[in-house]
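Respectively, the protein sequence lines represent chains A and B.
Our numbering applies: residue 1 is where the first sequence begins, and numbers increase by one.
Our numbering applies: residue 1001 is where the second sequence begins, and numbers increase by one.
The hints are simulated quantities; they were obtained by calculation from the structure and are not laboratory data.
Errors might be hidden in some of the hints.
Computed footprint of chain B on chain A; a stretch qualifies when at least three of its residues, placed anywhere within it, have a C-beta under 8 Å from a C-beta of chain B [unchecked claim]:
| id | segment |
| --- | --- |
| 1 | 371-384 |
| 2 | 456-467 |
Calculated pairs, SDA-like style, for lysine to any residue (alpha carbon to alpha carbon, straight line, at most 20 Å) [claimed, not checked]:
| id | chain 1 | residue 1 | chain 2 | residue 2 |
| --- | --- | --- | --- | --- |
| 3 | B | Lys1112 | A | Ala400 |
| 4 | B | Lys1265 | B | Trp1313 |
| 5 | A | Lys421 | B | Thr1335 |
| 6 | B | Lys1112 | A | Pro410 |
| 7 | B | Lys1175 | A | Tyr140 |
| 8 | B | Lys1175 | A | Gly141 |
| 9 | A | Lys444 | B | Val1186 |
| 10 | A | Lys309 | A | Asp362 |
| 11 | A | Lys405 | B | Gly1116 |
| 12 | B | Lys1175 | A | Ala138 |
As the structure is a computational prediction, the values presented were derived from the model and not from experiment.
For each residue, glycine too, the CB sits at the ideal point set by N, CA and C.
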Amino acid sequence: MFEYAPAPESRDVVDLQPSYGLFIDGEFTDGSGAPFKTINPATEETLAEVATASEADVDRAVRAARRAFGTWSAMPGSERAKYLFRIARIIQERSRELAVLETLDNGKPIREARDVDLPLVAAHFFYHAGWADKLDHAGYGPDPRPLGVAGQVIPWNFPLLMLSWKIAPALACGNTVVLKPAETTPLTALLFAEICRQAELPPGVVNIVTGAGETGAAVVNHPDVDKVAFTGSTEVGRLIARGVAGSGKKVTLELGGKAANIIFDDAAIDQAVEGVVDGIFFNQGHVCCAGSRLLVQESIADELLEALKRRLSRLRIGDPLDKNTDIGAINSAEQLARVRELSAVGEAEGAERWSPACELPDRGFWFPPTIFTNVAQSHRIARDEVFGPVLAMLTFRTPAEAVEKANNTPYGLSAGVWTEKGSRILWMAERLRAGVVWANTFNKFDPASPFGGYKESGYGREGGRHGLEAYLDV
Amino acid sequence: MTDAEQPGTARADEAPSGRRSSAQGRAEKPGAGKRRIEDAGKAGPGGRSQESARLAARLAVRKTYKLYIGGAFPRSESGRSYAVASSEGEFLANASKASRKDARDAVVAARKAFGGWSGATAYNRGQILYRIAEMLESRRAQFAAELADTGAERPGEVVDAAVDRLVWYAGWSDKIASVAGAANPVAGPYLNLSSPEPTGVVAVVAPDEPLLGLVSVIAPVIVTGNTCVVVASERAPLPSITLAEVLATSDLPGGVVNVLTGSVKELAPWLAAHMDVNAVDLTGVADADLAAECERAAAENLKRVLRPSVPDWSADPGVRRMTAFLETKTVWHPTGV
């Protein structure tokens, strides 16, 4: 194995403040809840103290959004578009700063923040900017109206990217927003607030309230919120769906997944191995659409497992700011505990656990890339979303069996198929009950491509023409 | 073509004689009398007065209104029934009062039918929906009479509208994907296609609009490949079972539509809570508290919920009732050599 010299990205580009307030009505203000600390999960160092929005603060934010809604929704779409284009440009201009900050707060490798998250964030604003003055042609009838104030709660795995998935379509369609970032990753959202100021976005159009679950509940349950958008766990999604019942609020939920990545015996093995690695170890497996169940055709199972182990032994785990790092830190102590717990259950239930020999840093939250073999469909490791770098490998003999096993889950967010046979790809894609199917690739995203799940992976789509529906009164 | 003619399919003129008559001890309605005269006229020259006399003398064979599950017409396993009265308060029939077990059986039947129905070609589904329209048209007089009993004004026009609605939806089967799907221009070497797919088993609480409303909620659900369990109008459930007879003779595979009659208050929450149901259409839930209860129950497995509404059933339905029960599947194919 090659030795790599350290190649750290400089963090000087980020100007961290000791404390951050809420962003309401175009101003940074104090929160009335007890402030919390956000840490760098790779070092456990405190990055900043962040305000907690109480119910009263959320109410202030919603009222600001309501006030702004009148002028924002009445503004010609072409003008709203220009604000979104401005935001997209500023994101590009400040992308290095945003990427480094994302990596500091989230623990993801800088390579991913820089090459995946940030380009997609900018692309999302560009894409939706273009829709703002073309909604008449989006297939929802002439002059489709916005919903009003959108309450949005996003997760910690792709903090800024999830923000862009929520805010860009909402604003393009003429809504105003109150967004709550995850409590472990609030910093890029607050930097985004500053970007809104640089873009001279009218006050109140975007409001950012930070805090934990209680703040999120205050946002989604606020009676003057017309639209709820949530990305996160199925467990919380259920609570939200229950909470808004009877309220008439429009809801979209992008929840958990347990995607099958299916490899047929005619697949290009090396490509497939890359796809498996990308599918489950991208972003430390903190990906709702991660290919966490590997289904391999029995005849090539041994060969593939060997190649996979070889590849895993070459993954570099460590300092997320190092440009050579493949796998960064687990986002929080809490998440690390969950990954450990489910892995322990996997062993206890009889699956065989394997990780490459790798040195983990002393401080911070780390978990080595892990493969479970001898996995039964009934094992929790094959059923529960681990949301970490843990892969459960199962085998199949026939395409029908692969479909049966792939669909044997309450989730339905994504799936992968690897085969050189075109007709088989289409046959499989037709039968997989999942919102996104990647054929001979995995974990690809684009603002023009609708994303969202079947079954308990939630409802509604984000991206593409389909994503607009979530923010229009249609 | 699988929608071949079925032997024994009801003819328009057999309907009245198969129905109850004044022998059930109630006054004849003007509409019912007229229908009889028309049909007697068809029976042959000079038949009118003889036929009237014959009918007056004959005790009618009543129809037992049962449930429609998996293509069969079982009674409720609970043995329960409830009396259904006309809009004027006269006894019409004892309808089955479906139990929780019946609801479960219906879901099982709908799930079993889903693979075949969703896998059928759009063209085939369209043909079958058109066939349903044909069968409904052929029973126009029977439905008009049943609707008259429910208090419908201009029942004949309602039947016409229901037939036309089925024809309209039949044509959507092979067009909705063109309207709701997309080829997405992603920034990379990929062919990226989004296509609509049926969401699965849909529980439908039908509105209290016994034929046009019923057809208008069933057709958009099944035309795209979903299967459904329908809770009929509680007040006027009889036309829904007669519609099931139409469905049973239209080459619609058993289980694609299952019809339960009984208490909406009982059945709706059971179906909303059922873990093998993918979506609920609460259109017919008039009570806001009950609708909220159903929506809460539906959250358990994240069912798609179409909330209650009071649509104008004579208006252009648009595509919303179809898209509400469609998933969007997006498939990425790399391009390369």
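Structure-based check of all given hints:
no., hint, result
1, 371-384, "violated (count 0)"
2, 456-467, "holds (count 8)"
3, B:Lys1112 x A:Ala400, "17 Å, holds"
4, B:Lys1265 x B:Trp1313, "23 Å, violated"
5, A:Lys421 x B:Thr1335, "14 Å, holds"
6, B:Lys1112 x A:Pro410, "18 Å, holds"
7, B:Lys1175 x A:Tyr140, "16 Å, holds"
8, B:Lys1175 x A:Gly141, "17 Å, holds"
9, A:Lys444 x B:Val1186, "10 Å, holds"
10, A:Lys309 x A:Asp362, "24 Å, violated"
11, A:Lys405 x B:Gly1116, "19 Å, holds"
12, B:Lys1175 x A:Ala138, "17 Å, holds"
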